[in-house]
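As a plain string of letters, each chain reads:
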Amino acid sequence: MTLDAGSAHDNLAVEVTGLRADIAGSSILQGIDLQVPTGGVTALLGRNGVGKTTTLRALLGLVPASGTVRILGRDVAGWPTHKIVRLGVGYVPEDRDVFARLTVRENLRLAESVASPRYARVYELFPELAQRSRQFAGTLSGGQQQMLAIGRVLLNDWPLLLIDEPTKGLSPLFVTEVVDVLQRLGTACSVLMVEQNVHVVRKLASQVIVLDRGRIVHAGHADDLGEENLVRRLLGVSGA
Amino acid sequence: MSTFIAITVSGLALGAVYFLVASGLSLIYGLMDVLNFAHGVFLTLGAYAGWAVASRLPAATNSAAAFALTACAATACGAAIAAATELVLIRPLYRRPVGQILVTIGLDLALVGLLLGVFGSNSRTIAVPAWLTSVTRLGSERIPNGDFVALGAGVAVLTVLTWFLHRTRYGIIIRAGAENRDMVRALGINVGRAFTLVFTVGGAAAGLAGLLNSVVFNGALIDPEQGDELLIFAFIVVVIGGLGSIAGSAIAAVLVGLVQVYVGFYAGSGAGLAQLGNISVVLFLAMVLLVRPRGLLGRTA
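These protein sequence lines map, in sequence, to chains A and B. The first sequence lines up with residues 170 to 409 when you count with this note's numbering. The second sequence lines up with residues 21 to 321 when you count with this note's numbering.
It is worth saying that the hints were derived from the structure and are not from the lab. Values in this document were obtained by computation on a predicted structure and should not be read as measured data. We put the beta carbon where it would ideally sit given N, CA and C, even for glycine. Honestly, I wouldn't trust all of these hints.
Said to hold, decoys possible - Examples of chain B residues lying across from chain A (beta carbon under 8 angstroms, computed):
id: 1; residue: I192
id: 2; residue: E199
id: 3; residue: D202
id: 4; residue: R205
Unchecked claim - With the Cβ distance kept under 8 angstroms, some of the chain A side facing chain B (calculated, not the full set):
id: 5; residue: L229
id: 6; residue: L231
id: 7; residue: T250
id: 8; residue: H251
id: 9; residue: V254
id: 10; residue: R255
id: 11; residue: F268
id: 12; residue: R270
id: 13; residue: L271
id: 14; residue: R278
id: 15; residue: A280
id: 16; residue: S282
id: 17; residue: V283
Please model the entire structure based on the sequences and the hints provided.
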């Protein structure tokens, strides 16, 4: 199932065909075909354990997978992760994955990929990171760690961002702040975002893809989430 | 009192040599989760490289520069062998920890066997400057100059390693990789290069330790199996200090060196008590693990 986002490869930031991934003997992804258009936010939704995070990790080569994966116009199947990232892919993982025993400044320094990393932008959006630059990341709150995880990708101008559950476990105040930043990012690059919060998806995404048990069961415009029955059937939650 | 000072300096020097060996083991395990049983033969090869260079220097050469050259050869040899080991043997076995352990054990056995075949089991003597084997008087006490050299080398390596790990980008990569290698990769960093670098740095320190151990504690004698003997104590130091912690290794190395020397000198001089110093180290390990199962500064599992 694919999105109606133009037929030319050039219009696609990500194009995946027949993506399969097995973890510990379980078939997590069972032949996924998906397309992410260039520009805007595409949301990847689904119930817990259906393979959303595995999809992002498979795109980055972090889990063994088979199938065809084209990212930013290059066939990257079998590439090592660092090489895929260097094509221009920023990644914000689930649960932040900041380096707890490194300071905030060291976490950011590690993420520098260009000659002139954009610290001004990071500190403008998240001034708290500047104030806490010498603090160990493991001592930050969940919201501050999420700022750091997003701040790492903001240092560079990535054409494509893979973002995994950016609002998970955050207080409403932080959710608003993170959504605001992601809205700005969505205007500047292509974003494939895993998100469970339907309200956040409605606010950010132009396209939605729904996964269920390792397969794509719906792909379309974000407006589709306005259909209560669809949301209840595919995600098991109320969309109200 | 004066004997106590000399014994203490000797214990600190022994601790410095242990640290040189343990720092590499700890770095390698911390970043790569590899228990490198070939580390002992890196020491031995470093000592043999030092011997090879020292024996080719003119007999009249009796200077610090000559010994520095010998030490450089030992360090370079350890680094080169370690880098080759990582690139050729360890790299194809990433994500196969049992295979990595087996290959390092196999490499150790093969290289020790090779050294025995080439040089025989008889010890050889490294030519060292006379000043290195003489003593310095501190009041009424005579401290071997070799102790000061080993101590200086240990402090220098600890200083450089600390600076490297905290002030350079590769150092930060190594510390981050010890926490979460996948995330380092996901930042576009080639972790494989860090793996090679860590092995090389660890091998360099091991090569230097092999030479210093021979010169300071073994009467300048080297033999093909000396590295494996030292490796046992280095593993104990790494476990006491906490796997993956350089600071922990430094503290543990000093403690182990002091315990071994104090017990060996004060309680191990009687007949049948020669090994008491070594046994005390094992008891010390057991005590530390009972109180702190993760070691002194080990990371949480």
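These are the hints, each one checked on the structure:
Evaluation of the I192/B hint against chain A yields a held restraint, the C-beta minimum of about 5 angstroms falling below 8 angstroms. Hint status for E199/B: holds, given a least beta-carbon distance of 5 angstroms to chain A, under 8 angstroms. About 5 angstroms separates the beta-carbon of D202/B from the nearest beta-carbon of chain A, less than 8 angstroms, and the hint is met. At a threshold of 8 angstroms, the smallest CB-CB gap from R205/B to chain A is about 4 angstroms, leaving the interface hint in force.
Hint status for L229/A: holds, given a least beta-carbon distance of 6 angstroms to chain B, under 8 angstroms. The beta carbon of L231/A is positioned within 8 angstroms of a beta carbon in chain B (closest approach about 5 angstroms), and the interface hint is therefore held. Using the Cβ-Cβ criterion of 8 angstroms, the hint placing T250/A at the interface with chain B is satisfied: the shortest such distance is roughly 4 angstroms. The beta carbon of H251/A comes within 5 angstroms of a beta carbon in chain B, closer than 8 angstroms, and the hint placing it at the interface holds.
This hint holds: V254/A has a C-beta 4 angstroms from the nearest C-beta of chain B, less than the 8 angstroms allowed. Contact between R255/A and chain B, as hinted, is supported at the beta carbon level, the nearest pair being about 5 angstroms apart and thus within 8 angstroms. A least Cβ separation of about 5 angstroms between F268/A and chain B falls short of the 8 angstroms threshold, and the interface hint therefore holds. Here the hint on R270/A is kept, as its CB sits about 6 angstroms from the closest CB of chain B, short of 8 angstroms.
Interface restraint check: L271/A against chain B, minimum CB-CB distance 6 angstroms, threshold 8 angstroms, status holds. The restraint placing R278/A at the interface with chain B holds, with a minimum CB-CB distance near 6 angstroms, inside the 8 angstroms limit. Proximity of A280/A to chain B holds as hinted, the smallest CB-CB distance being about 5 angstroms (cut-off 8 angstroms). For the restraint placing S282/A at the interface with chain B, the shortest Cβ-Cβ distance is roughly 5 angstroms, inside the 8 angstroms limit, so the hint holds.
At a threshold of 8 angstroms, the smallest CB-CB gap from V283/A to chain B is about 10 angstroms, leaving the interface hint violated.
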